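With chain A held as given, fit chain B onto it using these hints.
From first to last, the protein sequence lines are chains A and B. Residues 1 to 442, numbered by my numbering, are exactly what the first sequence covers, in order. Residues 1 to 442, numbered by my numbering, are exactly what the second sequence covers, in order.
Simulated from the structure, these hints should not be mistaken for lab results. Don't take every hint at face value.
The list cannot tell twin chains apart, which means a pair is met if one copy fits it or any two copies do.
Unchecked claim - Result set (SDA-like, lysine to any residue): computed pairs, CA atoms no more than 25 Å apart in a straight line:
| no. | residue 1 | residue 2 |
| --- | --- | --- |
| 1 | 58 | 370 |
| 2 | 439 | 376 |
| 3 | 20 | 191 |
| 4 | 134 | 27 |
| 5 | 53 | 373 |
| 6 | 20 | 170 |
| 7 | 53 | 374 |
| 8 | 247 | 190 |
| 9 | 79 | 32 |
| 10 | 58 | 170 |
| 11 | 247 | 218 |
| 12 | 20 | 174 |
| 13 | 53 | 220 |
| 14 | 290 | 212 |
| 15 | 181 | 132 |
| 16 | 58 | 180 |
| 17 | 358 | 297 |
| 18 | 79 | 27 |
Bear in mind that the values here come from a model prediction, so they are computed numbers and not experimental data.
Number of protein chains: 2
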Amino acid sequence: MTESTASPGVDMDTLVSLAKRRGFVFPSSEIYGGFASTWDYGPLGVELKRNVKDAWWKSMVRDRRDIVGLDAAILMAPKVWETSGHLTNFHDPLVDCRECKSRFRADHLEGETCPNCGARGSMTEARQFNLMFKTFVGPVEEDAATAYLRPETAQGIFVNFENVLTTTRRRLPFGIAQQGKSFRNEITPGNFIFRTREFEQMEMEFFVQPETSDEWYRRWIDIREQWYIDLGIHPEHLRRDEHPAEKLSHYSAGTTDIQYRFPWGWDELEGIANRTDFDLTVHSEASGRKLSYFDSETNEHVVPHVVEPAAGVDRSVLAFLVDAYHVEPDEKGDERVILKLHPRLAPVKVAVLPLSRKEPVANLAGEVWDLLRPHWATQYDDTQSIGRRYRRQDEVGTPLCVTVDFESLEDNAATIRDRDTQEQIRVAIPELPAAIREKLGF
Amino acid sequence: MTESTASPGVDMDTLVSLAKRRGFVFPSSEIYGGFASTWDYGPLGVELKRNVKDAWWKSMVRDRRDIVGLDAAILMAPKVWETSGHLTNFHDPLVDCRECKSRFRADHLEGETCPNCGARGSMTEARQFNLMFKTFVGPVEEDAATAYLRPETAQGIFVNFENVLTTTRRRLPFGIAQQGKSFRNEITPGNFIFRTREFEQMEMEFFVQPETSDEWYRRWIDIREQWYIDLGIHPEHLRRDEHPAEKLSHYSAGTTDIQYRFPWGWDELEGIANRTDFDLTVHSEASGRKLSYFDSETNEHVVPHVVEPAAGVDRSVLAFLVDAYHVEPDEKGDERVILKLHPRLAPVKVAVLPLSRKEPVANLAGEVWDLLRPHWATQYDDTQSIGRRYRRQDEVGTPLCVTVDFESLEDNAATIRDRDTQEQIRVAIPELPAAIREKLGF
Numbered sequence: 001m002t003e004s005t006a007s008p009g010v011d012m013d014t015l016v017s018l019a020k021r022r023g024f025v026f027p028s029s030e031i032y033g034g035f036a037s038t039w040d041y042g043p044l045g046v047e048l049k050r051n052v053k054d055a056w057w058k059s060m061v062r063d064r065r066d067i068v069g070l071d072a073a074i075l076m077a078p079k080v081w082e083t084s085g086h087l088t089n090f091h092d093p094l095v096d097c098r099e100c101k102s103r104f105r106a107d108h109l110e111g112e113t114c115p116n117c118g119a120r121g122s123m124t125e126a127r128q129f130n131l132m133f134k135t136f137v138g139p140v141e142e143d144a145a146t147a148y149l150r151p152e153t154a155q156g157i158f159v160n161f162e163n164v165l166t167t168t169r170r171r172l173p174f175g176i177a178q179q180g181k182s183f184r185n186e187i188t189p190g191n192f193i194f195r196t197r198e199f200e201q202m203e204m205e206f207f208v209q210p211e212t213s214d215e216w217y218r219r220w221i222d223i224r225e226q227w228y229i230d231l232g233i234h235p236e237h238l239r240r241d242e243h244p245a246e247k248l249s250h251y252s253a254g255t256t257d258i259q260y261r262f263p264w265g266w267d268e269l270e271g272i273a274n275r276t277d278f279d280l281t282v283h284s285e286a287s288g289r290k291l292s293y294f295d296s297e298t299n300e301h302v303v304p305h306v307v308e309p310a311a312g313v314d315r316s317v318l319a320f321l322v323d324a325y326h327v328e329p330d331e332k333g334d335e336r337v338i339l340k341l342h343p344r345l346a347p348v349k350v351a352v353l354p355l356s357r358k359e360p361v362a363n364l365a366g367e368v369w370d371l372l373r374p375h376w377a378t379q380y381d382d383t384q385s386i387g388r389r390y391r392r393q394d395e396v397g398t399p400l401c402v403t404v405d406f407e408s409l410e411d412n413a414a415t416i417r418d419r420d421t422q423e424q425i426r427v428a429i430p431e432l433p434a435a436i437r438e439k440l441g442f
Numbered sequence: 001m002t003e004s005t006a007s008p009g010v011d012m013d014t015l016v017s018l019a020k021r022r023g024f025v026f027p028s029s030e031i032y033g034g035f036a037s038t039w040d041y042g043p044l045g046v047e048l049k050r051n052v053k054d055a056w057w058k059s060m061v062r063d064r065r066d067i068v069g070l071d072a073a074i075l076m077a078p079k080v081w082e083t084s085g086h087l088t089n090f091h092d093p094l095v096d097c098r099e100c101k102s103r104f105r106a107d108h109l110e111g112e113t114c115p116n117c118g119a120r121g122s123m124t125e126a127r128q129f130n131l132m133f134k135t136f137v138g139p140v141e142e143d144a145a146t147a148y149l150r151p152e153t154a155q156g157i158f159v160n161f162e163n164v165l166t167t168t169r170r171r172l173p174f175g176i177a178q179q180g181k182s183f184r185n186e187i188t189p190g191n192f193i194f195r196t197r198e199f200e201q202m203e204m205e206f207f208v209q210p211e212t213s214d215e216w217y218r219r220w221i222d223i224r225e226q227w228y229i230d231l232g233i234h235p236e237h238l239r240r241d242e243h244p245a246e247k248l249s250h251y252s253a254g255t256t257d258i259q260y261r262f263p264w265g266w267d268e269l270e271g272i273a274n275r276t277d278f279d280l281t282v283h284s285e286a287s288g289r290k291l292s293y294f295d296s297e298t299n300e301h302v303v304p305h306v307v308e309p310a311a312g313v314d315r316s317v318l319a320f321l322v323d324a325y326h327v328e329p330d331e332k333g334d335e336r337v338i339l340k341l342h343p344r345l346a347p348v349k350v351a352v353l354p355l356s357r358k359e360p361v362a363n364l365a366g367e368v369w370d371l372l373r374p375h376w377a378t379q380y381d382d383t384q385s386i387g388r389r390y391r392r393q394d395e396v397g398t399p400l401c402v403t404v405d406f407e408s409l410e411d412n413a414a415t416i417r418d419r420d421t422q423e424q425i426r427v428a429i430p431e432l433p434a435a436i437r438e439k440l441g442f
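So here's chain A without its partners, still in its complex pose (with noise of 0.2 Å):
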């Protein structure tokens, strides 16, 4: 039912002041004035990310015939960010200003003018930090072990290989999936949730003959930008970059980002990597363990290379709310702001909505919601005008609002608005579920 349009446009402190008002996104620790850039979900918020993560799983595992999912943990052995490089190399490079303190990454730097204070040349060396969060497990510290939390899921995946392969019996190609949380000790995070030390990832690797690396890459870029365009984001939002070969990481044979044109300008959305056989022949040869699969056609043993489409959860969602943003004038000539979310993103699928809070029309209305609850995410609103609550039913997002007024007594039906269209038709209240799940389209 979402007919996607080329949005206009939603500047960042419209969108977190949305965000924050109706319940989506709070800062974290708020009233303690907040914490290191972390933000939580709110009742809405965390609707919305489980519909993103459950769209994901479902495009990724349930429909496919060749994607298993996982769910390591977010502790793992210090071996392992050894092997994977991360204790040596996972450094961005830290500059401070001498004369008014700001610290900045080097890279994001331009020019030789403190961008917080202006002074120049101010900058002192840069030094390499690592971007791991550290901790220590067992009770007493000093004689602790070290642990990180984890920086990216990926490595879950591929310390995992072996078990997965046995347990499932596999054949080239197929896939391992992972969604979960990992950390980042960012020198600037910033912009509301693109960029936070703890974030969600949504991870994916894909296991092929190493001749097949190259062509899956490709059909995994597709496939990958196709799901944010089914899901409604317009296509114009959306570009590729492909990085040059000269600044590839050192286990990529070729990566490109799928960026989103957010309101600050382009930036990446999910990095779709070749990552060849580098991460499988490490833990490997640091394991000691034969991480290959047997080919029964070839009799010969192969590391198959990879492809890892890696998308962030907070990243995405915070695209499908800007990509959802639209204003247009109401019947009054006033302004109307809509999230044309997808239904299946939708934090609220269906808004029932009395026009009475007395008996009998309430109670009529509970009975309706009673009847919708068990099959979607609802909301019950009976107060103020209705076309105030239509309002806030739209800036959330809602597809679908069931009214139950003073007639529903009669003729036992009730009317389902649509909130792209705007349009209303009656429909007998035991229907409600059929008519709604066929205009929700699932």
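Coordinates of chain B only, in the frame set by chain A:
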């Protein structure tokens, strides 16, 4: 369809072995010798865990009129833990055996003999150790802010009380539900996924008028116990343990554990606590924010009391596995291992089994798989005898198998086989989704 009968019991070795062999749970970082009693969920385990979490979310948030969701960050302002009492009080007493250097929780020891080496009177005096994992936020360790990995999700709800109340305009009683990882630096983790340093919680804080808190406390004990029973746990394997007044936490006016009969004995599955107004009061005092509710009927501000059902995801998963484990004789008198998981929890709902790996049977079976995959989590298995394949599906709890045979090419029908009764019915292929939905019950 699951007829719950008292399980004859399963020992932990058998269960851990099955969990690893079939891809439910692997030791984390296993190729490097494992790490710190952490565990990874494999392809079947991740689906089982998702199903447990989804069932909880549906029953606690979606199906109810009075509860909304939240997803707060793991990293919070340290002031939260200072105020909640965790920095001061969240300790376990630690003792070391002077002979064998083993480490124990003093409150878990019985008698004066070391459980490891048998030495008498060898224990050191108990030292108090805080169970929170420490880390450093900001790239330079010496001037970074010390932070803690949350030891419970509950505090994320309390500090967001005002934000949720304002954005949802709820009236008492109402609840805020949350799922997510927590971390405790346990001295002695153990019993597989029962007690781990990294674990997942499902917690709900239910805010009520003070005078109704005991009534709600009793009611939530009933609701939560019933949830496990509805999902297949045998009632005789559950019991309640109400803490005596002298053992209550400093914030609690009443705590009852729901215990499950694990293979090592009765142990806690979930705790329901009447937390009084402790949390909102201390956070209100420490933050200077008025964390109260305005009662428009009495025109008074009330600090709500809180009833908290706090469940562990991982130990719920373990209880569902243990309770589902059954061994029955098959038609030949051999042992048939069956996980009688509730269909909602089963990681695979339907397995498609072709009687031949060759065309045209394999082709038709592939079409059947494509027909079913959009609706449920499925598996396709074409290796070894059909009897072996049924056993494999029984062992992982798949409620239904669909067998495509040579006759299917003639009658365009397939056989649905029921895990528990082993009954088989013939169904026209286009009718399979409807027949499966009816048999699964959802």
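Numbered hints the structure breaks, given as an ascending list: none
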